[in-house]
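Participant: Line by line, the protein sequences give chains A and B.
At position 26 of the first sequence the residue is numbered 26 (the numbering used here), and the sequence of numbers has no breaks.
Numbering-wise, the numbering used here comes out as the position in the second sequence, counting from 1, plus 1000.
Don't take each hint at face value.
Unchecked claim - Facing chain A, a subset of chain B residues (Cβ under 8 angstroms, in silico):
(1) 1029
(2) 1032
(3) 1033
(4) 1056
(5) 1058
(6) 1072
(7) 1075
(8) 1080
(9) 1086
(10) 1087
(11) 1107
(12) 1110
Since the hints were derived computationally from the structure, they do not count as laboratory data.
Glycine included, each C-beta is placed from N, C-alpha and C at the ideal position.
There are 2 protein chains.
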Amino acid sequence: MRTFDLITGESLLVKDLRVVRWEQYRLDRDLPFQAMWYSVPPGSESPLDQHPELELSVVVAGTAHVLTGDAVHEIRQGSAFLLSSTEAHVVQNRSADQELTIFSAYWMPLATDDRDGVVRKESNPAGRPVRIVAAGHD
Amino acid sequence: MRTFDLITGESLLVKDLRVVRWEQYRLDRDLPFQAMWYSVPPGSESPLDQHPELELSVVVAGTAHVLTGDAVHEIRQGSAFLLSSTEAHVVQNRSADQELTIFSAYWMPLATDDRDGVVRKESNPAGRPVRIVAAGHD
Chain A
1 MRTFDLITGE SLLVKDLRVV RWEQYRLDRD LPFQAMWYSV PPGSESPLDQ HPELELSVVV
61 AGTAHVLTGD AVHEIRQGSA FLLSSTEAHV VQNRSADQEL TIFSAYWMPL ATDDRDGVVR
121 KESNPAGRPV RIVAAGHD
Chain B
1001 MRTFDLITGE SLLVKDLRVV RWEQYRLDRD LPFQAMWYSV PPGSESPLDQ HPELELSVVV
1061 AGTAHVLTGD AVHEIRQGSA FLLSSTEAHV VQNRSADQEL TIFSAYWMPL ATDDRDGVVR
1121 KESNPAGRPV RIVAAGHD
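Could you build the full structure based on these sequences and the hints that come with them?
Facilitator: Here's what the structure looks like:
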């Protein structure tokens, strides 16, 4: 069994968000997705993000307000949300005093051929998805 | 965007664990894994479980003590653990008063052919992994 600690994981700052990227754990051969944690301080929000990968996010602390298009969704601790490929999103922490922390898994859209059980992965010459959050733009 | 609510999700009891299986959301074409939440009451533990799928678990509330072989790992809220294929495990909630809730994603071992970027999935004639927790044995 391997363990991954949110507190001691190597992190980087993107704006005022603490991002712990799972590349550091070198799990490419084991996981069918990439992953990260990110923490949004009280009153702050993530940069506008949009990417080809689907993204499943689980709120592990605090409450998220997720803005997509004209909609706002409130996601409480423990609950989850799935962003479609290329769906633009901002994640807000509207709390005055509690940090918001999210675990996110993300992967390229699946193209399943049910007849032979083969999944063809999108090619990714750069070896790593392009993500606004990951790239540190803001 | 789709949202998945831990509280209102359809659940079943396995021993005294509340299990919310994600099959109800019909995400097979979108997610490269299966998923569930499970909640372990204070002082209780999961049945001994062992299955071919790798399993990544994120603690979304409480603290988990995970028993594998002779080892015990303490995993706090927000942190995660990855079980290998066929690794037997028990998840304990040693708290006297706080519920433990875990989000788990699980998938068959990957067999990646790096040359053509094709992932061949293990065949699964039954259409669904066999899991002691899922089957409700105890």
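Participant: Work down the list of hints and note, for each, if the structure agrees.
Facilitator: For each hint, the structure was consulted:
For residue 1029 of chain B, the interface hint holds, since its Cβ comes within 8 angstroms of a Cβ in chain A; the closest pair sits about 7 angstroms apart. Satisfaction of the interface hint for residue 1032 of chain B is found here, the shortest Cβ-Cβ separation to chain A being roughly 4 angstroms, below the 8 angstroms cut-off. With 8 angstroms as the threshold, the beta carbon of residue 1033 of chain B comes within range of chain A, its nearest partner Cβ sitting at about 6 angstroms, so the hint holds. Among the interface hints, the one on residue 1056 of chain B holds; its C-beta lies about 7 angstroms from the nearest C-beta in chain A, closer than the 8 angstroms criterion.
Satisfaction of the interface hint for residue 1058 of chain B is found here, the shortest Cβ-Cβ separation to chain A being roughly 5 angstroms, below the 8 angstroms cut-off. Annotation: interface hint on residue 1072 of chain B violated; nearest CB of chain A at approximately 10 angstroms, more than 8 angstroms. With its C-beta approaching chain A no nearer than about 6 angstroms, residue 1075 of chain B sits inside the 8 angstroms limit, and its interface hint holds. Among the interface hints, the one on residue 1080 of chain B holds; its C-beta lies about 4 angstroms from the nearest C-beta in chain A, closer than the 8 angstroms criterion.
The interface hint given for residue 1086 of chain B is broken, as the beta carbon of that residue sits about 12 angstroms from the closest beta carbon of chain A, more than 8 angstroms. Taking 8 angstroms as the C-beta cut-off, the interface hint given for residue 1087 of chain B holds, the closest approach to chain A being about 6 angstroms. For residue 1107 of chain B, the interface hint holds, the least distance from its beta-carbon to any beta-carbon of chain A being 5 angstroms, beneath 8 angstroms. The interface hint given for residue 1110 of chain B holds, since its Cβ lies 6 angstroms from the closest Cβ of chain A, which is under the 8 angstroms cut-off.
In summary, the numbered hints that this structure violates are 6 and 9.
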